[in-house]
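Colleague: Could you build all of it, start to finish, from the sequences and the hints given here?
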Amino acid sequence: MRVLQASNIYGVGFGIPSISTRPNSSYQRHATIATGEALAKSAPIGRKFSEQHSLKKGDKEKEGNSVVLEKKDFAVPRRKAMALIFSSFVLSNYELPKAAYAQAVEFREYIDTFDGYSFMYPRNWIQVRGAGADIFFRDPLVLDENLSVEISSPSSSKYKSVKDLGPPEEAGKGVLKQYLTEFMSTRLGVRRESSVLSTSSRVADDGKLYYDVEVSIKSYANNNELAVMPQDRVARLEWDRRYLSVLGVENNCLYELRIQTPEKVFVQEESDIRAIMNSFRANKIAA
1 MRVLQASNIY GVGFGIPSIS TRPNSSYQRH ATIATGEALA KSAPIGRKFS
51 EQHSLKKGDK EKEGNSVVLE KKDFAVPRRK AMALIFSSFV LSNYELPKAA
101 YAQAVEFREY IDTFDGYSFM YPRNWIQVRG AGADIFFRDP LVLDENLSVE
151 ISSPSSSKYK SVKDLGPPEE AGKGVLKQYL TEFMSTRLGV RRESSVLSTS
201 SRVADDGKLY YDVEVSIKSY ANNNELAVMP QDRVARLEWD RRYLSVLGVE
251 NNCLYELRIQ TPEKVFVQEE SDIRAIMNSF RANKIAA
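Sequential numbering from 1 applies to the sequence shown in the UniProt record's numbering.
Incorrect hints may have been included.
What the hints assert, rightly or not - When the alpha-carbon atoms are kept at most 27 Å apart in a straight line, the in silico BS3-like pairs for lysine-lysine are as follows: (1) K158 / K208; (2) K160 / K173; (3) K163 / K284; (4) K173 / K264; (5) K218 / K284; (6) K173 / K158.
Stated by the list, open to error - Label pairs and their in silico Cβ distance ranges: (7) S152 / R236: 33 to 39 Å; (8) E263 / S152: 25 to 31 Å; (9) G130 / S216: 26 to 32 Å; (10) E193 / A286: 23 to 29 Å; (11) V234 / Q127: 37 to 43 Å; (12) A286 / S185: 40 to 46 Å; (13) S161 / L188: 40 to 46 Å; (14) N223 / S161: 46 to 52 Å.
By construction, these hints were calculated from the structure, which means they are not laboratory data. The C-beta atom is built at its ideal place from N, Cα and C for all residues, glycine as well.
Modeller: What follows is the structure in structure tokens.
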């Protein structure tokens, strides 16, 4: 039976937007006050107009004109008030995402004592079961952002150190090749551009050596793959992602923490993503 423990909540900003479409209440109050003032100012004008145009009984034509003019006198401020309410609603929704990005998201530590590894992940991320990895979490808002852990089979491999993969540069090539194999597509007109951005090694506080690998993969697809003429097959960018891997060895197994994130999101959350990478540990399994 797998024993999972979750503890130690850390207050680290991850920059996850939490967008709400409800208008800002301050704009609503402003619009209500403006409407009331407009109606209050219009009331004396309407009364003065009625007094100056008092009609004799039976003069229906003039009376009808007076009623129409009074209605027009009140219609103008109402339209202005509705425009003010609508503009306030639009502005309040436009500013909400900026405030959401500024909010800090707590991190939780995930510990797997059965398989022997641990890492920190955003507390609002959800676990997805049956994804093929040993563990899989994803962002509930940015669906292309996720993390997972892969473990080699102890029966088919006997790793003593991460150095068994060669230097970090060689390990980076192997990581990129594995990603491209997984993303191989049989669709017509699909091509991938990929490169190894960086590779490095570090010794963590547990005394073990880890490799950090970053790769970039872009996917392009033709908008009309069945077109006969080349000019009719225009390639467009489907997605642009960054993949970050942390490699470590323990229990004669190779452990790999994988993080997938859109390139635009990575620019905003780089420090927090690197905090996840630095938190990954391959732990000794108790006998």
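Colleague: Look at each hint and say if it fits the structure.
Modeller: Here's how the hints hold up against the structure:
In summary, the hint linking K158 to K208 is supported, as the alpha carbons are separated by about 17 Å, within the 27 Å threshold. Under the criterion of a C-alpha separation no larger than 27 Å, the hint pairing K160 with K173 is consistent with the structure, at around 20 Å. Straight-line distance between C-alpha atoms of K163 and K284 comes to about 18 Å, which keeps the hinted pair within the 27 Å bound. Straight-line distance between C-alpha atoms of K173 and K264 comes to about 24 Å, which keeps the hinted pair within the 27 Å bound.
Between K218 and K284 the CA atoms are separated by roughly 37 Å; this puts the pair beyond 27 Å, and the hint is violated. This hinted pair checks out: K173 and K158 have alpha carbons roughly 21 Å apart, not beyond 27 Å. Range check, S152 to R236: about 37 Å between beta-carbon atoms, so the 33 to 39 Å window is met. For the pair E263 and S152, the supplied restraint of 25 to 31 Å holds, since their beta-carbon distance comes to about 29 Å.
Evaluation of the 26 to 32 Å hint for G130 and S216 yields a pass: the beta carbon distance comes to about 28 Å. Restraint check, E193 to A286: a C-beta distance of roughly 45 Å breaks the suggested window 23 to 29 Å. For V234 paired with Q127, a C-beta distance near 40 Å keeps the hint of 37 to 43 Å intact. Taking 40 to 46 Å as the suggested C-beta distance range, the pair A286 and S185 conforms, at roughly 43 Å.
Checked against the given bound of 40 to 46 Å, the beta carbons of S161 and L188, roughly 44 Å apart, stay inside it. Remark: the range hint 46 to 52 Å for N223 to S161 is upheld by a beta-carbon distance near 48 Å.
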